[in-house]
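Since chain A is already given, all that's left is putting chain B on it; use the hints.
Respectively, the protein sequence lines represent chains A and B. Heads up, the first sequence is in the working numbering, so the first residue is 115 and it goes up one at a time. Heads up, the second sequence is in the working numbering, so the first residue is 86 and it goes up one at a time.
There are no misleading hints in this set.
Lysine-lysine pairs mimicking DSSO-like chemistry, simulated, CA-CA at most 30 angstroms apart:
#1 LYS133/B with LYS218/B
#2 LYS285/A with LYS218/B
#3 LYS133/B with LYS389/A
#4 LYS285/A with LYS133/B
#5 LYS389/A with LYS285/A
Take a look, some chain A residues computed to stay more than 10 angstroms from chain B by CB distance:
#6 GLY158
#7 GLY161
#8 SER171
#9 THR174
#10 PHE178
#11 GLY235
#12 GLN242
#13 ARG287
#14 LEU302
#15 ASP304
#16 TRP381
#17 LEU384
From the derived model, a few chain B residues whose C-beta atoms are all more than 10 angstroms from chain A:
#18 ALA110
#19 ALA263
#20 ARG336
#21 GLY341
Keep in mind that the hints were calculated from the coordinates and are not lab data. Cβ coordinates follow ideal geometry from the N, Cα and C atoms, glycine included.
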Amino acid sequence: MNPILTVATKEFRDDFRNRWTVALTILFALLALGIAWFGSAAAGRVGFTSFDATLASLTTLGAFVIPLIGLLIAYDTIVGERDDGTLLLMLSYPLARGQLVAGKFLGHCGALAVATLAGFGLAVAIMQWMQPAAQMAQAWLQIGRFIVSASLLGACFVGLACLISVQTADKARAAGLALIGWLATVVLFDLALLALLVVSGGTAFERAVYPYLLLLNPVDVFRLVNLTALGEGAGNDLLTGMTAHHNYSPTLLCLALLAWAVAPFAWAMLAFRRKEI
Amino acid sequence: MNHAIELDTLAKHYGALAALDGVSARVPRGQVIGLLGHNGAGKSTLIKLILGLIAPSGGRLQVLGQPPWRAHALRRRIGYLPESATFYANLTGRELLDYLARLKQAPRAQVSALLERVGLAHAADRRIGTYSKGMRQRVGLAQALLGSPELVLLDEPTTGLDPQATRELYRIVGELRADGRCVLVSSHLLAELEPHIDGALILRQGRLLAAGSLHALGEQAALPAQVLLRPREQAAPELIARLQTGGLSARARPDGRLELDVPRASKLRVLRELLADPAVADLDVREPTLAQLYDWLGAGPQSTAQVIA
Numbered sequence: 115m116n117p118i119l120t121v122a123t124k125e126f127r128d129d130f131r132n133r134w135t136v137a138l139t140i141l142f143a144l145l146a147l148g149i150a151w152f153g154s155a156a157a158g159r160v161g162f163t164s165f166d167a168t169l170a171s172l173t174t175l176g177a178f179v180i181p182l183i184g185l186l187i188a189y190d191t192i193v194g195e196r197d198d199g200t201l202l203l204m205l206s207y208p209l210a211r212g213q214l215v216a217g218k219f220l221g222h223c224g225a226l227a228v229a230t231l232a233g234f235g236l237a238v239a240i241m242q243w244m245q246p247a248a249q250m251a252q253a254w255l256q257i258g259r260f261i262v263s264a265s266l267l268g269a270c271f272v273g274l275a276c277l278i279s280v281q282t283a284d285k286a287r288a289a290g291l292a293l294i295g296w297l298a299t300v301v302l303f304d305l306a307l308l309a310l311l312v313v314s315g316g317t318a319f320e321r322a323v324y325p326y327l328l329l330l331n332p333v334d335v336f337r338l339v340n341l342t343a344l345g346e347g348a349g350n351d352l353l354t355g356m357t358a359h360h361n362y363s364p365t366l367l368c369l370a371l372l373a374w375a376v377a378p379f380a381w382a383m384l385a386f387r388r389k390e391i
Numbered sequence: 086m087n088h089a090i091e092l093d094t095l096a097k098h099y100g101a102l103a104a105l106d107g108v109s110a111r112v113p114r115g116q117v118i119g120l121l122g123h124n125g126a127g128k129s130t131l132i133k134l135i136l137g138l139i140a141p142s143g144g145r146l147q148v149l150g151q152p153p154w155r156a157h158a159l160r161r162r163i164g165y166l167p168e169s170a171t172f173y174a175n176l177t178g179r180e181l182l183d184y185l186a187r188l189k190q191a192p193r194a195q196v197s198a199l200l201e202r203v204g205l206a207h208a209a210d211r212r213i214g215t216y217s218k219g220m221r222q223r224v225g226l227a228q229a230l231l232g233s234p235e236l237v238l239l240d241e242p243t244t245g246l247d248p249q250a251t252r253e254l255y256r257i258v259g260e261l262r263a264d265g266r267c268v269l270v271s272s273h274l275l276a277e278l279e280p281h282i283d284g285a286l287i288l289r290q291g292r293l294l295a296a297g298s299l300h301a302l303g304e305q306a307a308l309p310a311q312v313l314l315r316p317r318e319q320a321a322p323e324l325i326a327r328l329q330t331g332g333l334s335a336r337a338r339p340d341g342r343l344e345l346d347v348p349r350a351s352k353l354r355v356l357r358e359l360l361a362d363p364a365v366a367d368l369d370v371r372e373p374t375l376a377q378l379y380d381w382l383g384a385g386p387q388s389t390a391q392v393i394a
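The following block holds chain A by itself, in its conformation from the complex (with noise of 0.2 angstroms):
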């Protein structure tokens, strides 16, 4: 077997012996039905309503909440090898430093996307059986999409978590940047960009420049992703208040959301290509 599937493999495995798959895959189903059952309780009613509405409100939650875990999940993959004195071990072994890194990280996505995949479809499988009536065909295509997207995001901060782990002399200090990541993607980001907007108080910065901008950080391209696909309205607020003027083309939300996918993860294979072990 090629080196980089026995390592992927191997991975892929510890996340389900370590119960994190099983674990996500449970928190995605419960926040996908808990998100679609209580979604419209403000309105005074419970009970699966708009899809819409729902696949928005699971689009914000999956913003804050997918980063976090390909960070947690990979954070310490090279550096707690380091740790625990098996690094030296697993490089004497005939597989190139770029090899070890790249099954890591397909092994941590492999399990990340199963987890979205049986989380949030079990989810819908529920949902559709509660509702029969509702139009699930269309409902298939939009939590394929979001399921796809979230599981590229995954990707994107696995990649980033890899690269942090390579590039820190210890676990907690990884633990560390990883939180600062996540705090600066998810969070800081935004509100940069929202001060910015404020600051330039004009339409031409709004137009020319701000859509480009929401490209640099992946959660707002994932966000883009599965919002501009929703229709305008479904809870879907935030986004169209944001970008209203913009009409970005899916093709290039797609290509972006699949370089963020692949940036993290090939400057931590240089990255440790040239690291002094």
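Here is chain B on its own, set in the frame of chain A:
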């Protein structure tokens, strides 16, 4: 190709620090060689260079006939036991070896045989997290032997092993030697190591102090043999005086014996005289130990005059 490892003026620098500086030596196949030196002597750096994990800053290094830097396929022919690795606590011994056998493309049938060979067959399906330190070292030794490597690097292999497990480990090392493999053992436990090695590479502060067979090193260092004498009753003062006349200074030991250092060149002559001496009731001869050789090398000035290579 008679040498497993060849080093020619090998150097490794980290900025201004010379972790290895101009080391030249040959490590023959079919021998067990001790890699000795204090902490910071350059042993770990040399092991990483041999494994191809770091690039030399200068000089030439050949391992099993090729430069090891980033030679991934070469590592299939090398086994390595790292110092105090915990391995993967959540895997069983068998799962660990299965995983590593796949990475090394070694026959999977070796896994059970190796677990048996290191005495871990009974615990093969237990998680490594439940293993004692000695058991972890044994599973580490088993993985180092995956793929029947031509060169085996053991870094402090007996740490945490009880005396019986230590004997077992050196029995396996002996089998590897008999099988024509080269084994490089890094250890601080010189007395324990000495009976099992054919030669040594001794490093200090990145420089090679000595390299060669233990016999040759002993000859070249010309350390004196130690002779312990049991004098007949009341004969000790007279014996000490006589030895002093012959240029040998004897020291009295608490057990009543006399201890004297006899230069190698005059050893046989002195022993003949002592055997014929009626004042001597019994005698023992102790050859210089590896530890004494190591101390002698380590204690001396850092001049090249002290270097044996």
